[in-house]
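Work out the full structure, taking the sequences as your base and the hints as a guide.
Chains as they are written, first to last, in the numbering used here: chain X, 3 to 309; chain D, 1122 to 1338.
What the hints contain is simulated information worked out from the structure, not anything from laboratory work. All of these numbers come straight from a predicted model, not from anything done at the bench. Don't take each hint at face value.
[As the list claims (entries may be wrong)] If you want the footprint, here are the derived chain D segments under chain X, 3+ residues with CB under 8 Å:
#1 1263–1277
#2 1281–1292
#3 1296–1304
[Unchecked claim] Here are the simulated BS3-like cross-link-like pairs (lysine-lysine), alpha carbons at most 30 Å apart as the crow flies:
#4 D:Lys1127 <-> D:Lys1193
#5 D:Lys1328 <-> X:Lys120
#6 D:Lys1282 <-> X:Lys25
#7 D:Lys1282 <-> X:Lys120
#8 D:Lys1285 <-> X:Lys57
#9 D:Lys1200 <-> D:Lys1161
#10 D:Lys1200 <-> D:Lys1142
#11 X:Lys117 <-> X:Lys25
#12 D:Lys1142 <-> D:Lys1193
#13 X:Lys57 <-> D:Lys1282
#14 D:Lys1128 <-> D:Lys1200
#15 X:Lys120 <-> D:Lys1128
#16 X:Lys117 <-> D:Lys1127
#17 X:Lys120 <-> D:Lys1285
#18 X:Lys57 <-> X:Lys120
#19 X:Lys42 <-> X:Lys304
#20 D:Lys1127 <-> D:Lys1200
#21 D:Lys1285 <-> D:Lys1311
#22 X:Lys40 <-> X:Lys260
#23 D:Lys1167 <-> D:Lys1189
#24 D:Lys1127 <-> X:Lys120
#25 X:Lys117 <-> D:Lys1282
#26 D:Lys1142 <-> D:Lys1189
#27 X:Lys117 <-> D:Lys1167
#28 D:Lys1127 <-> D:Lys1336
#29 X:Lys282 <-> X:Lys42
#30 X:Lys279 <-> X:Lys304
#31 D:Lys1189 <-> D:Lys1200
#32 X:Lys279 <-> X:Lys40
#33 X:Lys25 <-> X:Lys260
#34 D:Lys1128 <-> D:Lys1142
#35 D:Lys1128 <-> X:Lys117
#36 X:Lys57 <-> X:Lys42
#37 X:Lys57 <-> X:Lys68
Using N, Cα and C, we set each Cβ at its ideal position, and we do this for glycine too.
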Amino acid sequence: MSQLQSALESGRFAVTAEMAPPKGCDFSEQIRVADLLKDKVHGVNVTDMQSACLKASSLGLCIHLKQAGAEPILQITGRDRSRMAILADVLSAASFGIDTVLALTGDHPVVGDCKDSKPVYDLDSVGILQMLSDMERTGCDCGGNPLDGGAPALFKGASVTPVYDPLPLQINKLRQKVEAGARYIQTQGVFDRESLCRFLEEVDRAGISVPIMAGIIPLKSAGMARFMNENVPGIAVPEEMIARLDAAAAEGREKGVKGLPAQLGIEMAAEFIARIKEEKICAGVHIMAIGAERNVPAILEKAGVTI
Amino acid sequence: MIITEKKPAEELLAMLSGVRKVALVGCGNCAAACQTGGEKEVAEMKQFLEERGFEVVGTVLPDECCHKMLVKRDLRALKDSGAEAVVGLACGDGVQTVADNIQLPVYPANNTVFLGQVERVGIFHEYCRMCGDCVLGETGGICPVTRCAKSLVNGPCGGQKNGKCEVCPDNDCAWILIYNRLQATGQAEKLGRTRRTKGYSGAYYPKHVNLREGKKA
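See the structure below:
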């Protein structure tokens, strides 16, 4: 059983950090950073070519991390692999003791950096979860053929976008994900208590029961926040936070100090995490540091969160 | 209707390199409606090729270029025409039907782009990808396989902004259209009943349909 599953099932505040494989074949930086995260997070959630930009595979980094003693979570999108290829990867992962997965539909190749790549989408997130659940239940593959030695037991998760209009569509898909076997949910980056709570209330109202981990993106600058608001669906950084980042940049210019906005971003993320934990708003947090994973231990320390 | 677009002229001319005498075959149905292979376009192609030194030795305009018997009959007009090659101003199916019925190189003048709805003359929209396993009964008569850029059958991804698709912001998010249609037609409960694992075993190709099987020919 993975640390994430154990934390969520025992009701402890769960913490995961996202990490991307390298765009290349040198994994040493990722392995070093994972070492910094050891005993700080319940799992390192390894992306599957996020934003449809080519990277080494999620499975490859997960194997490296597992062998280095970390707790990897395998992200799987339906963008590049048919149901056969997905199942083949999950079986391979299981053979390395990687049993915690996150099923996603995946960004379309045209928004990424290899635009001519053929989109697959044989299965969407719900379809992937259902296929894996069926495999666990029946011991058979996606064609109904028995697997030698039976199926591995998995801990499966999915994602959700809390800031979405019309929200009933997201709630409905969340329900389908849970019915298809998702046992934990992580959200798209969310920045304020109100947006998160409004969403969680809708989930409650719909009678959906599943641990939800709030997605936390530490902001690096006002520019980054504005860019995401403009370009990333489901992201809504409040204007008040952007103004604070702007003020930090101005203060830095005045004093000749670099990095104040990023520092503030770390503090804001830490404050939000602390509040989520103290007020028991949800089951945990999933930190998406987008290349700044080295900052995750500092964020957790400021938030007063230990595992 | 099968929607076609004209290929760039240079591409066609490159295919015709070394050819002097050509015959043209249009299509009186879809390609005519798409303004890629009707009477007018065949006449324009004739003029275009003649201006570039080709001799157009015959033109044929079957009512439907995908109809084998019809094409076979109409192509008799090109017998003894002396054509060295044929230019097909039809869809990919029509061009192949021509090629099946004449012992000459056949070159396409068009690209075949989709199966489309005709909104009005000259305006076409892709509505069906012919997946072989229709889900329209569950999706308010709006096809997610075709009108969602990811062909998602269980609801939207997170990638819409203001109801528009992240893949092509000119397109509406199919799942928001489906949601609105299901609400408007009293079928909202169907949102939760969509397919988890739509299969694609019906999407193999080439496919055939034979309504005469088991009957006397």
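Mind listing which of the numbered hints don't hold for this structure, in increasing order?
27, 28
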